[in-house]
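Position chain B with the ligands against the provided structure of chain A, taking the given hints into account.
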Amino acid sequence: MARNSRLTDLPMRGAKDKKISLADRWKSYIVHHRITLRSAFKKLLMEPVQTLLTVTVIAIALALPSAMFLMLKNVEQLGSGVEASAQLSVFIKKGATSQQIKQVQKQILDLPEVWSVDYISADQALQEFKALSGFGQALTYLDDNPLPAVFLVQPIRLGASGSNQVEQLVTTITSFSAVDEVLVDMLWVQRLSVMTDISQKLVLAMGVSLIIGVLLVIGNTIRLGIHSRKEEIVVVKLIGATDAYVRRPFLYSGFLLGLLGGFIASILLVGSLLWIGQSVSVLAALYQSKFDLTGLGFSGVLGLCALGSVIGLCGAWMAVMQHLRAIEPK
Amino acid sequence: MICFDNVSKRYSTGLEALKRISFELSVGEMAFLTGPSGAGKSTLLKLLMLMERPSSGALLINGKNLMRLPRSAIPNYRRQVGVVFQNHQLLSDRTVFENVALPLQISGYPPSETGRRVRAALDGVGLLDKESHYPLTLSGGQQQRVGIARAVVHKPKILLADEPTGNLDPVLSAEIMALFRRFQDVGVTVLIATHDLSLIHNLDHRIIHLADGMLISDGGSASGA
Ligand SMILES: Nc1ncnc2c1ncn2[C@@H]1O[C@H](COP(=O)(O)OP(=O)(O)OP(=O)(O)O)[C@@H](O)[C@H]1O
Ligand SMILES: [Mg+2]
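Each protein sequence line maps, in turn, to chains A and B. Residue numbers for the first sequence follow the working numbering, beginning at 118 and rising by one. Residue numbers for the second sequence follow the working numbering, beginning at 33 and rising by one.
Chain A on its own, in the form it takes in the complex (with noise of 0.2 Å):
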């Protein structure tokens, strides 16, 4: 052991030179925030079951509420798929003459929402449902053609608002003159839509209950740490530390846990996604469609891991404000 203690060598002046200017309390604040922030890391490595078993709860309370909103997100866009190839049949009126049946006709391919426009003539019409019916042998004996010219409307592929254009289509449709109905087969279509707004709003408790899961967690992890960490507490409050500094590590842990649990969250997502995509892709082949599934996307996790974040500083702040407080020196 040294005992040559040199004790004319310890800065003695300093009680006159202690003002430290700004610029070096800047410089050490950046530095101890990243010496908290390692050391915080370090912490949760330190204590891997607790930690594995607070990260997992969150990623899995962030991942159910996320998978479901992508879902409702990939079946909207399958309705308005389904809207957008919805034909509209637009029935003439009986006796309109032909110089009318052809006005219409212009008069609906020149909307910009119309794809395309097959014409069906009455005597057409009558034809094929002959030959589909069965009745072919009794319909010979009217004497007047019951059925009406009709149009076949093809509309271009609609957005995501789809059912709404389609509803102002049908409306400006009805309007023209010598047409006498459109019909559309809209009724499903219009089911999908209730049925994805009672979902989003489900998925949307879920996902709020979920949360609020999320901060108790958190909170509940961050409080054990600063139970166990009392004495130290005490201690950096006795040599002067500020309220903020005693907090600072601890915010620190609820963020990292928040920010880990996101990113793991993501990653469940991601590699289902990837799983059930495959799938998908197969059976939209068996129909001969198109259907790519939408996945996360790489804004999608970096949302995650934010909201994560967030989530984990909030349980921590509530933490620290309901027991920090409480520890003081004695």
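Keep in mind the hints are simulated off the structure, nothing from the lab. Warning: the hint list may mix true and false statements.
Derived CB-CB ranges, DEER-like [to be verified]: (1) Arg142/A x Ser164/B: 37 to 45 Å; (2) Leu162/A x Asp161/B: 13 to 21 Å; (3) His165/B x Arg155/A: 17 to 25 Å; (4) Val148/A x Ala210/B: 30 to 38 Å; (5) Ala210/B x Phe158/A: 20 to 28 Å; (6) Val148/A x His233/B: 45 to 53 Å; (7) Asn199/B x Ile329/A: 48 to 56 Å; (8) Glu164/A x Arg103/B: 43 to 51 Å; (9) Leu170/A x Gln112/B: 21 to 29 Å; (10) Gly219/B x Ile329/A: 50 to 58 Å; (11) Leu170/A x His227/B: 48 to 56 Å; (12) Lys144/A x Arg85/B: 30 to 38 Å.
None of the values given here were measured: they were computed from a predicted structure. Think of the CB as a built atom: it goes at the ideal place given N, C-alpha and C, for glycine as much as any other residue.
Okay, now just chain B with the ligands, sitting in the frame of chain A:
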């Protein structure tokens, strides 16, 4: 600098640990606080560290009543006070260096300056070669000296020490006392609680003698009680 004006302290147990204590320490003065075990020495120091509050009377630092200090101003006050604790109060999961650096870090010293100051303080207590050790691997006396280094590293205006030489041999004790005197020489107000009468009888310093929570005598080193 430090002024006790009729200060009493009654713990929640009903025990009156300090009874109407009045004395004054001026800037740069060094005094010893003595008295038998249970006399109230630690309690008196705790009042100065704001670990306990007086039940009655006024405690003034630089003419300001400590009890009027808002909560937000407490950290800044504590940074002006260096404390050597009776039970060291070192952090066991940090090295000696990190322990001693703590007051500097908390006060916002630049990292470049931290190393130099910490080593100077450790050198002052003869522990420069232990900077990367953990406190629990050190002897009681070494731990105490780490606590002393931490108390002086940021050059506080007031230095309080509770039995700083309790675990030290006479030679080391004398060195530590010399260190405290050097602080007094540069204007630090020093108050040291100790049983070690043999140590302070050799020094010519003011001695405040407590017994059973009362101030028995206050004066030169000549006699004690
Ligand atoms: N937190 C507390 N609650 C209740 N009573 C206390 C508390 N701390 C100390 N006391 C009592 O106050 C009296 C003075 O204690 P104090 O620690 O100030 O004595 P001391 O002079 O420092 O003794 P020592 O030399 O043994 O350290 C003692 O009788 C003790 O039992
Ligand atoms: Mg004591």
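Taking the hints in turn, this is what the structure says about them:
The given range of 37 to 45 Å is broken by Arg142/A and Ser164/B, whose C-beta atoms sit roughly 27 Å from each other. Hint check: Leu162/A to Asp161/B, Cβ distance near 30 Å, so the stated range 13 to 21 Å is violated. For the hinted restraint 17 to 25 Å between His165/B and Arg155/A, the CB-CB distance of approximately 21 Å keeps it satisfied. Between Val148/A and Ala210/B the beta carbons are some 34 Å apart, a value that agrees with the proposed interval 30 to 38 Å.
Restraint check, Ala210/B to Phe158/A: a C-beta distance of roughly 43 Å breaks the suggested window 20 to 28 Å. Roughly 47 Å separates the CB atoms of Val148/A and His233/B, a value that falls within the hinted 45 to 53 Å. Between Asn199/B and Ile329/A the Cβ separation comes to about 52 Å, which falls inside the hinted range of 48 to 56 Å. At roughly 32 Å, the beta-carbon separation of Glu164/A and Arg103/B lies outside the given 43 to 51 Å, and the hint is violated.
Separated by about 44 Å at the C-beta atoms, Leu170/A and Gln112/B break the suggested range of 21 to 29 Å. Range check, Gly219/B to Ile329/A: about 56 Å between beta-carbon atoms, so the 50 to 58 Å window is met. Remark: the range hint 48 to 56 Å for Leu170/A to His227/B is upheld by a beta-carbon distance near 50 Å. Range check, Lys144/A to Arg85/B: Cβ separation about 37 Å, and the 30 to 38 Å hint holds.
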